[in-house]
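J.: In order, the protein sequences belong to chains A and R. Okay, so the first sequence: first residue is 0 according to numbering that gives the first Met the number 0, each after it adds one. Okay, so the second sequence: first residue is 0 according to numbering that gives the first Met the number 0, each after it adds one.
Simulated from the structure, these hints should not be mistaken for laboratory data. Because the structure is a prediction, the values reported are computed rather than measured. Take these hints with a grain of salt, some might be off.
Unchecked claim - As a list, the in silico DSS-like pairs of lysine-lysine whose alpha-carbon atoms are at most 27 Å apart: (1) R:Lys57 with A:Lys34; (2) R:Lys3 with A:Lys34; (3) R:Lys3 with A:Lys1; (4) R:Lys3 with A:Lys52; (5) R:Lys131 with A:Lys1; (6) A:Lys42 with R:Lys131; (7) A:Lys1 with R:Lys25; (8) R:Lys131 with A:Lys34; (9) R:Lys25 with A:Lys49; (10) A:Lys5 with R:Lys131; (11) A:Lys42 with R:Lys25; (12) A:Lys20 with R:Lys3; (13) A:Lys34 with R:Lys1; (14) R:Lys1 with A:Lys5; (15) A:Lys20 with A:Lys34; (16) R:Lys25 with A:Lys20; (17) A:Lys36 with R:Lys131; (18) R:Lys25 with A:Lys36; (19) R:Lys3 with A:Lys42; (20) R:Lys57 with A:Lys20; (21) A:Lys5 with R:Lys61; (22) R:Lys76 with A:Lys52; (23) R:Lys76 with A:Lys36; (24) A:Lys20 with R:Lys131; (25) R:Lys1 with R:Lys61.
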Amino acid sequence: MKTRIKEFRARYDLTQEDLAKMVGARRETILFLEKGKYNPSLKLAHNIAKALKTTIDELFIFED
Amino acid sequence: MKDKLGIFAGIGIAVSVLVTLAFFVKSAGNIELSDIASTGIVITLVAFAAFVLWDRLKNINKGLPATDERLVQVSYKAGYYGFIAAMWSAVGSNPLAGIIWNIELEGHHVAAVVVLVSAFVFVASYLYLARKGDSK
Numbered sequence: 000m001k002t003r004i005k006e007f008r009a010r011y012d013l014t015q016e017d018l019a020k021m022v023g024a025r026r027e028t029i030l031f032l033e034k035g036k037y038n039p040s041l042k043l044a045h046n047i048a049k050a051l052k053t054t055i056d057e058l059f060i061f062e063d
Numbered sequence: 000m001k002d003k004l005g006i007f008a009g010i011g012i013a014v015s016v017l018v019t020l021a022f023f024v025k026s027a028g029n030i031e032l033s034d035i036a037s038t039g040i041v042i043t044l045v046a047f048a049a050f051v052l053w054d055r056l057k058n059i060n061k062g063l064p065a066t067d068e069r070l071v072q073v074s075y076k077a078g079y080y081g082f083i084a085a086m087w088s089a090v091g092s093n094p095l096a097g098i099i100w101n102i103e104l105e106g107h108h109v110a111a112v113v114v115l116v117s118a119f120v121f122v123a124s125y126l127y128l129a130r131k132g133d134s135k
């Protein structure tokens with residue numbers, strides 16, 4: 000699964016640490032999300048989308 | 000607060016283990032290879048615990064959570080691998096000892112092997128999955 004977290008993060012000039020604090024996760028989790036090495040729970044995905052002022056569909060690209 | 004209490008408790012336990020080890024080494028007369036191996040194993044496990052505690056404390060000091068959903072999944076997965084290793088070492092330690100050293104292990108030796116193998120597999124899995132792994 001790919002994500003556009005880095006792109007949205009850059010839009011608001013947020014570091015991985017800033018975003019991690021906003022959503023209650025560790026910085027490494029944000030890093031793994033951006034690399035596509037971790038699938039978040041619905042709750043975390045929702046929190047990240049809310050923090051980046053977007054929707055889950057915009058943020059996460061599901062590949063079949 | 001709960002995270003910090005857990006960390007301080009972990010530090011207390013790690014320090015207690017090291018102090019006990021120090022007394023053991025100091026009071027031992029001639030240190031044999033088995034003593035060095037035992038000490039090395041204990042130090043390795045305590046070093047791992049210290050690393051985990053340091054990592055959590057580092058995150059707390061930055062205002063981040065000590066652990067999150069990904070790390071919980073990593074712990075579960077590492078525990079699963081440690082369990083599998085425990086099962087295999089319980090079954091295979093005696094035959095392997097017979098083949099390699101031509102000896103038969105007693106019950107307490109097998110128990111020690113199972114505990115050590117599962118602990119090391121857990122430690123290795125946790126470190127790998129936390130730092131580089133794919134915990135999907």
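J.: Of the numbered hints stated previously, which ones are contradicted by the structure, given in increasing order?
T.: Numbers 2, 3, 4, 7, 9, 11, 13, 14, 16, 18 and 22 - these are the hints that the structure violates, sorted from lowest upward.
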